[in-house]
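Protein chains: 2
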Amino acid sequence: MATANGSSAALEEVEALRQQLESLQTTLRKKEAELETVAPYNRTYGRTMVATVLESDSQGLSLVGKTIRVGGWVKTGREAGAGAFAFLEVNDGSCFQNIQVMVEKAVAEEVGGLKSLTPTSTCVLIEGVLAETPEGTKQKVELKATKVVHLGSTDPAEYPLAKKKQSFEFLREKAHLRPRTNTIGAVARIRNALAYATHRFFQEQGFLYVHTPIVTASDCEGAGEMFQVTTLLSKVDEEPEVPPPSPEELAALRSQVAAQGEAVKAAKTAAAANKEDKEAAAKSKAEVGTLLKLKEQLTKAEEAARNAGGLPRTADGKVDYSKDFFSKPSYLTVSGQLNGEYYACALSNIYTFGPTFRAENSHTARHLAEFWMIEPEMAFCDLADDMQCAEDYVRFCCRHILDNCRPDLEFINGMIDKGAIARLEQVANSPFKRVSYTEAVELLEGVVASGEKKFEYPVSWGIDLQSEHERYLTEEIFKQPIIVYNYPKEIKAFYMRLNDDGKTVAAMDVLVPKVGELVGGSQREDRLDVLTQRIAESGMPMEPYAAYLDLRKYGTVPHSGFGLGFERLILFATGLDNIRDVIPFPRWPGNAAY
Amino acid sequence: MATANGSSAALEEVEALRQQLESLQTTLRKKEAELETVAPYNRTYGRTMVATVLESDSQGLSLVGKTIRVGGWVKTGREAGAGAFAFLEVNDGSCFQNIQVMVEKAVAEEVGGLKSLTPTSTCVLIEGVLAETPEGTKQKVELKATKVVHLGSTDPAEYPLAKKKQSFEFLREKAHLRPRTNTIGAVARIRNALAYATHRFFQEQGFLYVHTPIVTASDCEGAGEMFQVTTLLSKVDEEPEVPPPSPEELAALRSQVAAQGEAVKAAKTAAAANKEDKEAAAKSKAEVGTLLKLKEQLTKAEEAARNAGGLPRTADGKVDYSKDFFSKPSYLTVSGQLNGEYYACALSNIYTFGPTFRAENSHTARHLAEFWMIEPEMAFCDLADDMQCAEDYVRFCCRHILDNCRPDLEFINGMIDKGAIARLEQVANSPFKRVSYTEAVELLEGVVASGEKKFEYPVSWGIDLQSEHERYLTEEIFKQPIIVYNYPKEIKAFYMRLNDDGKTVAAMDVLVPKVGELVGGSQREDRLDVLTQRIAESGMPMEPYAAYLDLRKYGTVPHSGFGLGFERLILFATGLDNIRDVIPFPRWPGNAAY
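Line by line, the protein sequences are chains A and B. So in the UniProt record's numbering, the last one in the first sequence is 594, and the numbering has no gaps at all. So in the UniProt record's numbering, the last one in the second sequence is 594, and the numbering has no gaps at all.
Treat each hint with caution, since some may be false.
If several chains are the same, the list does not tell them apart, and a pair holds so long as it fits within one copy or across any two.
Claimed, not checked - No farther apart than 20 Å at their CA atoms in a straight line, the calculated lysine to aspartate or glutamate pairs in the EDC-like style are these: (1) K278 x E225; (2) K479 x E442; (3) K323 x D237; (4) K293 x D57; (5) K293 x E249; (6) K553 x D277; (7) K553 x D155; (8) K174 x E55; (9) K300 x E490; (10) K165 x D155.
Hints were generated in silico from the structure; no laboratory data involved. Computed from a prediction, not measured in an experiment: that's the story for all the values here.
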């Protein structure tokens with residue numbers, strides 16, 4: 001069909017404009033930095049961020065001779081010149097680099113001498129004059145202190161991270177202090193950059209950010225792996241409002257009710273025998289009143305007996321969720337996809353970015369009980385467009401951190417994973433290969449047949465690809481990111497669109513070196529009849545999917561989406577081994593401290 | 001002190017650069033729009049977003065004569081010309097405006113005639129030629145259909161939102177379809193814009209986005225209003241693995257153990273009497289073995305009896321949380337502040353933006369059980385800088401939606417709240433007044449004394465300002481946003497920094513017309529001794545605050561922060577009355593559907 005796409009001349013014009021814009025932005029950024037060195041909202045303390053000095057175009061040289069204040073935490077401090085002065089490496093988190101501060105003895109006098117400044121994690125705000133360092137020094141400038149404006153001491157004998165090298169395991173137990181370390185600080189900046197890159201990518205493409213709910217009573221995904229959210233347990237360990245009756249008390253009450261029933265019957269018979277007898281009528285009425293009161297007592301006692309364990313129960317002994325906060329069993333979400341579809345089928349292109357939960361009793365380095373997920377969903381979008389979106393998004397993120405987190409990545413590349421930068425550059429620069437599931441299986445069968453590779457799990461058409469297969473495909477066979485698509489319907493979810501072959505669905509996974517599966521997505525089944533049949537075939541009840549089916553009933557639209565586990569992306573970007581180190585406060589079985 | 005601030009000439013240069021940049025950006029945007037009309041990731045379907053046409057600089061005129069495809073949901077459709085053609089108002093969510101599509105009878109033939117296109121919420125993808133509309137028409141262009149590429153029918157007899165006007169209450173019950181309505185669609189776009197404005201504001205100021213945890217076992221805030229997160233309830237309604245014993249069985253087991261204890265004693269005595277008697281020794285050993293087995297049986301039976309209600313219990317009858325997923329009672333977060341402080345006291349300036357929870361049994365139009373909150377936290381920041389940050393942030397948000405959501409705001413202004421745009425403009429353009437708590441109380445006492453105003457709650461120094469007081473201050477006395485600061489310490493949290501007067505703390509609330517309190521913040525108590533005393537005074541245990549106290553122990557820093565309820569900001573921006581209508585899937589007591 002004819003679209004309004006432009007000529008190559010117009011394309012070139014736009015490209016030129018883009019370059020002009022970029023260079024103008026850079027100029028503006030530099031000018032702004034020179035104009036105002038004090039950090040926003042640090043005006044009272046007059047602090048200049050370390051990044052403003054060291055990451056400026058001149059690496060601080062344009063500020064030489066100026067008086068500024070630098071504040072942060074001492075990474076390392078040492079006395080020199082036989083106690084005449086001290087060098088402090090100060091880090092404020094604004095960039096990976098520390099700024100070197102030189103403090104003479106006299107300047108430190110007022111705050112207890114040089115020794116009070118040097119311990120690791122001491123907080124300082126130091127006013128000084130920026131000076132050029134001798135040729136050959138790592139940094140071009142250092143601060144010569146004239147005044148210690150703030151001192152927050154740290155006793156090195158007590159500070160738990162005083163030692164240079166700490167294991168990641170140990171740092172996890174000090175999650176409130178670990179962002180002061182090189183690695184966790186770098187991860188925090190990279191995580192921030194990837195989060196902002198996510199928003200920028202989707203916003204610039206016209207997607208709407210939708211907040212899908214965290215707590216949900218919809219039980220579409222099977223409650224097995226879900227956390228329950230409740231207010232019922234808070235009362236379990238309290239004294240009950242109505243003390244539960246003993247079995248004897250209950251039995252006694254029941255006999256009373258039975259006896260009173262007899263009394264009522266007798267009184268009624270007497271009253272019926274002589275309708276004129278007002279006294280008999282009154283007695284009958286009184287006996288009925290007593291019976292009602294007794295029955296009410298019994299009902300309450302039975303309820304109290306049922307609730308004896310502290311949990312409200314229905315008459316059949318099950319937990320009475322009508323008494324819970326949401327009047328139904330409610331859970332923490334495992335995916336915002338269904339909610340995302342509701343919004344995409346009204347507002348076209350949307351994305352979610354929020355926390356997601358799994359109550360799996362998993363202690364591996366790859367699983368968290370709480371993690372963040374990005375789930376875009378697009379109307380009028382098929383699998384090909386879905387794959388393109390996933391590819392563009394991942395590559396945008398890689399490019400973004402290469403451009404914005406260079407010093408952090410260089411540290412990571414040097415200390416943690418020698419391949420980190422090369423991997424990011426490869427992903428940012430090369431298109432992802434598309435490989436159908438069928439082709440992928442044939443390739444794997446080939447290397448098995450030739451004896452080139454042995455897998456723990458055997459390979460044949462129909463299997464769910466294991467991590468070992470996925471990583472072999474991306475790391476060994478293709479040596480680059482790939483997208484595997486069109487999976488057998490048996491191994492994929494009911495909502496994925498059935499292909500015309502009747503045996504595969506329009507699903508795709510993005511596989512990348514180091515991590516394996518990074519993205520999983522699909523075109524959604526938009527045909528009401530096919531979807532209904534797929535739900536029925538999978539043996540699930542239809543009722544919980546009423547709203548989901550409504551989308552196919554009222555103005556159905558071809559649509560697609562995918563999910564990306566945010567921490568997986570950070571693992572990929574940093575090469576860290578344990579997912580618990582790429583989220584500020586990790587949660588896993590037995591661990592929800594802080 | 002001397003900072004490196006620039007001269008006014010440099011200021012002017014930067015301002016000029018900024019303007020140049022902005023105009024260049026606008027030019028680029030327009031060129032790009034002309035160049036490529038097909039939406040990203042809608043390429044297979046070749047769809048052009050309605051915003052690309054109607055919100056372009058020429059309002060679509062530059063595309064007249066081109067063939068494009070437009071897809072979305074029919075807002076209204078009507079046949080005209082005695083059934084010769086139909087007009088469809090099509091909305092795709094990319095902007096508030098609908099595009100008008102004119103379909104001739106012959107074009108609709110293939111898809112069942114014009115009647116199949118006109119029902120509200122029908123999904124269509126229509127190829128056509130963009131044509132100029134007659135002078136005086138609301139929009140400059142319409143699409144003359146040449147082909148219906150996709151049709152997703154809607155049966156108007158069944159579609160629940162077929163009627164024009166629906167109450168907000170009714171729409172809440174159809175949360176999966178309500179984004180197709182004008183108001184909820186506009187709110188979704190405004191919400192998206194405010195979320196992106198939030199990220200842009202803080203990122204451009206160099207703040208790091210930190211994901212604070214959702215599930216937490218830290219009970220710092222008192223568990224009264226918190227939701228509990230658990231995996232214990234999932235087993236309550238299942239058959240127990242070990243059936244609980246009856247009291248008789250338990251009693252019988254206990255007697256058996258006691259009897260066996262006697263038997264062991266007797267056998268040991270016999271064996272001791274004759275140490276040579278191997279048979280007696282063997283018997284004694286056997287009796288001990290039997291006793292151990294019986295005791296194990298008893299322990300298991302007692303445990304089964306304790307767990308009879310399905311919940312694991314400790315020996316004292318309390319819930320045994322060591323068996324819960326996180327090995328401790330765990331809750332949904334009510335604030336990320338403490339976690340944010342941990343990161344600010346390492347990385348300087350950070351912000352959170354995530355879901356937050358309250359298990360309050362509140363059914364008002366102002367409360368949600370699940371809502372989103374923004375919480376910045378800044379090192380080397382006092383209350384003055386904190387107030388400035390809150391003001392700049394709120395004003396940036398208002399400016400951003402005025403610039404980016406004009407048609408949505410105009411609809412809101414016309415249909416929902418006549419003052420919405422004026423309110424946003426006032427906030428965007430005028431600095432917020434600072435008023436100390438003491439002054440504020442004096443002003444309120446003044447209007448009460450003069451008889452100008454009666455309040456439900458009496459006013460005097462020391463009271464917690466009520467909503468009626470807050471709104472009177474901002475709406476009647478100042479008629480603009482204000483910041484009230486330095487509150488009595490008795491009515492504020494323990495962690496707020498004690499002022500030198502000993503009776504107020506460095507707290508602040510931003511009050512705005514229509515909503516009242518929008519932001520609450522404070523400088524945090526950074527002195528270990530004062531903080532310890534404040535915790536002790538408030539009668540709380542010290543132990544849960546160990547990590548929080550560590551921040552003051554190791555390199556303490558003056559720092560401040562605030563919290564803004566995101567839905568409050570949207571209420572303020574849209575003038576909607578009920579907070580349940582400004583979040584996609586609202587949660588309140590009894591409601592967690594979808």
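Notebook entry, point to check: Hint by hint, which ones does the structure fall short of?
Noted result: Hint check: 1, 4, 6, 8, 9 fail, others pass.
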